[in-house]
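Protein sequences, first through last, are from chains G and A. The working numbering applies: residue 1 is where the first sequence begins, and numbers increase by one. The working numbering applies: residue 1001 is where the second sequence begins, and numbers increase by one.
Derived from the structure by calculation, the hints contain no laboratory data. These numbers were taken from a predicted model, which means no experiment stands behind them. Hints are not guaranteed to be accurate.
[Claimed, not checked] With a cut-off of at most 30 Å between alpha-carbon atoms, the simulated DSBU-like pairs for lysine-lysine come out as follows:
hint : chain 1 : residue 1 : chain 2 : residue 2
1    : G       : 248       : G       : 187
2    : A       : 1226      : A       : 1238
3    : A       : 1226      : A       : 1212
4    : A       : 1139      : A       : 1238
5    : A       : 1226      : G       : 248
6    : A       : 1238      : A       : 1212
7    : A       : 1139      : G       : 187
8    : G       : 248       : A       : 1139
9    : G       : 187       : A       : 1226
10   : A       : 1226      : A       : 1139
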Amino acid sequence: MNLGEIIQSVFTLTLLYSTIRISISILFAGMGEMITERSGVLNIGVEGVMLLGAWAAAIASYFANNAWIGLLAAAGIGVVIGLVYAFIVVTHRAVQAITGLAIFLLSSGLTGFLLQIIFEHGGNSPRVPTLPMIHLGFLENVPVLGQIFNDQSVLMYPALLLPLILYFVFYYTPWGTWLRAAGENPKALAVVGVNPITVRYFAIVAGCLLAGVGGAYLSISQTSLFSENMVAGRGFIALSAVIFGNVKPRGVFMACMFFAFMDALQITLQAVVPAGVLPRELFMSLPYVLTLLILAGFIKRSGGPADIGNPYEKESR
Amino acid sequence: MKKIKEFALKQEQLFTTIIAVILAFAVVALLLAITGRHPGQAFYYLIKGSFGDTYNFSNTMSRVIPLAIAGTAFLLGAKASVFNVGIEGQLLLGALASAIVGYIVQLPKAIHLPLMLLAGCAAGGLYALIPAWLKTYRKVNEILSTIMLNYPAFHFTHYMVTKVLPIEGVVPATPFIEETARFRMIIPDTRLHGGFYVMILVAVLAYLLLQKTSIGYEMRAVGMNKEAARFHGIPVEKRMVLAFFLSGAIAGLAGAVEVAGLHYRFLDQFSPGYGYDSITVAMVGLLNPFGVIISGMMFGALKTGILDMAVYTEIPRQLVTLINGIVVLFIAGKSIIGKGYQKLVEDKEIESEKHVPAKDTKKEVSK
Chain G
1 MNLGEIIQSV FTLTLLYSTI RISISILFAG MGEMITERSG VLNIGVEGVM LLGAWAAAIA
61 SYFANNAWIG LLAAAGIGVV IGLVYAFIVV THRAVQAITG LAIFLLSSGL TGFLLQIIFE
121 HGGNSPRVPT LPMIHLGFLE NVPVLGQIFN DQSVLMYPAL LLPLILYFVF YYTPWGTWLR
181 AAGENPKALA VVGVNPITVR YFAIVAGCLL AGVGGAYLSI SQTSLFSENM VAGRGFIALS
241 AVIFGNVKPR GVFMACMFFA FMDALQITLQ AVVPAGVLPR ELFMSLPYVL TLLILAGFIK
301 RSGGPADIGN PYEKESR
Chain A
1001 MKKIKEFALK QEQLFTTIIA VILAFAVVAL LLAITGRHPG QAFYYLIKGS FGDTYNFSNT
1061 MSRVIPLAIA GTAFLLGAKA SVFNVGIEGQ LLLGALASAI VGYIVQLPKA IHLPLMLLAG
1121 CAAGGLYALI PAWLKTYRKV NEILSTIMLN YPAFHFTHYM VTKVLPIEGV VPATPFIEET
1181 ARFRMIIPDT RLHGGFYVMI LVAVLAYLLL QKTSIGYEMR AVGMNKEAAR FHGIPVEKRM
1241 VLAFFLSGAI AGLAGAVEVA GLHYRFLDQF SPGYGYDSIT VAMVGLLNPF GVIISGMMFG
1301 ALKTGILDMA VYTEIPRQLV TLINGIVVLF IAGKSIIGKG YQKLVEDKEI ESEKHVPAKD
1361 TKKEVSK
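The whole structure should be built from the sequences, with the hints applied where relevant.
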């Protein structure tokens, strides 16, 4: 196979279809983390929340025989983890990086353990019911768009709308103002009578809820089972997308789509390029290496909230 | 007076850590009870399987070696506020490099074994320079970069042993290393090997570096307060890069010691997550080189005892990872890392006052 043929078989509409398919979980997690970081809190544990979300979704979907219940369970577990995380880092002002790391480590142990307990074998869950794929009749006749957006998961619609909604919330509602103020200057926010702690709680819980849903997408929509460590770095890629996108809806959206495209490209290349020419392992490493290269090369430090990572301490009374 | 205060502060840390670990185990017991397993039975087999007889004990000790060395790797970074979560990847690369040196050259033992261990250090240390550069000069969060760099390291070693290097036997692994590159067993017919002495040596050297040298002092100063360190003329970036390199080198050494003492070759996917466990080990060990050995014993015992437990009870082996995660969560909740830095600071009184009232804040919250 020569280079021309390879390029022809890689750059097809299927590549864009895969990009959208892959972007959904990264978008949910990335948008969630963006909310959290805007309020001045870093959550390194997104990966873990996604894994727990994926797990909860698969288990609930299996036992309720209904994928929607699974989705609800993922959102629920996201809220629970969010509350725990907020309690530790906001209320008790623990080091955010370490606590986030703990959530990442805990998620892998907890899901593996409970998977084994429930199904008496490790590795994978049985097949579970999945969320519907949406096929719109009128899109069928639209060239290009039809092939890219049709037959995607129902979760594609909220995932693609989320950046728009968040853009509106961030810049045109009082909530957005509070959120940004909590991240820039929490003391000033307290002066105008809004408690930064409450704002950060909501931001963390919202972030974890969305990460949970992003995880659920992996287990009850993109695939139809939970397998151990199935998130495989997507949470960290979402984190990178938030940094790359300057913690702003448009930027993060673009970054998520870019990373999704790179992943889709990598998967396609793996299938197309003969293993003898370039090793599979090279392509599998590509998303991580590329992400780091991008972070190293293009990072702009102006966009992030000023008070990120710092616990908010009330003035002593 | 100052000494007493220091001592008290130190004891308080130890105290809170022990409480955190006990609480974590209580949560695990609760979880076992909820899922219909007998926690008492679990802990009985855990202890019996890890310390019950000489063989089990030596097995436990052989697992302490990589855990404690990797834990020291993590603490060397953490002391300079470098959170190296890439130990897993550095350990894999160190193991591969050392295995290659171990089988490819013929040398007398006095040279071969040290050379092979050094190869491990070099591979791990050099790989750690990537996130070091990213952090200090490109402002990329090192937790993010080090975790992401674990994936390419994993794929690379897998590729090397399955496709590039010759394979002996059925499992994907490098050829066996020469006799001259191997550790002897300390107790014959067990798995406790000479790497044990390396572990002690690493702990002593880490202690001396951090406590008795000016470079170590500067690393700790950077960890405590970057701006203050810079103000005092300490080359902050250089010290962080050094901390990263040392952390990676020791991580690589942990991998090399596993090759030289236990497997005698690079076995694909040989590490059961020692790199990630090292974080727990270091934190429970209060970021102290000797504390790390003690906490390493606890987690080594867990890893060994779990084998018996999985045989005799219906409790899955994943319990170890779970316990690790819960322990870290509790330790994180105790802000131990933050406190760990305090005892090293010059003006201890000021810093300790800031941190001791942590308990009062909790009361404030609970009402």
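Q. If you check each hint against the structure, which ones fail?
A. Failing hints: none at all.
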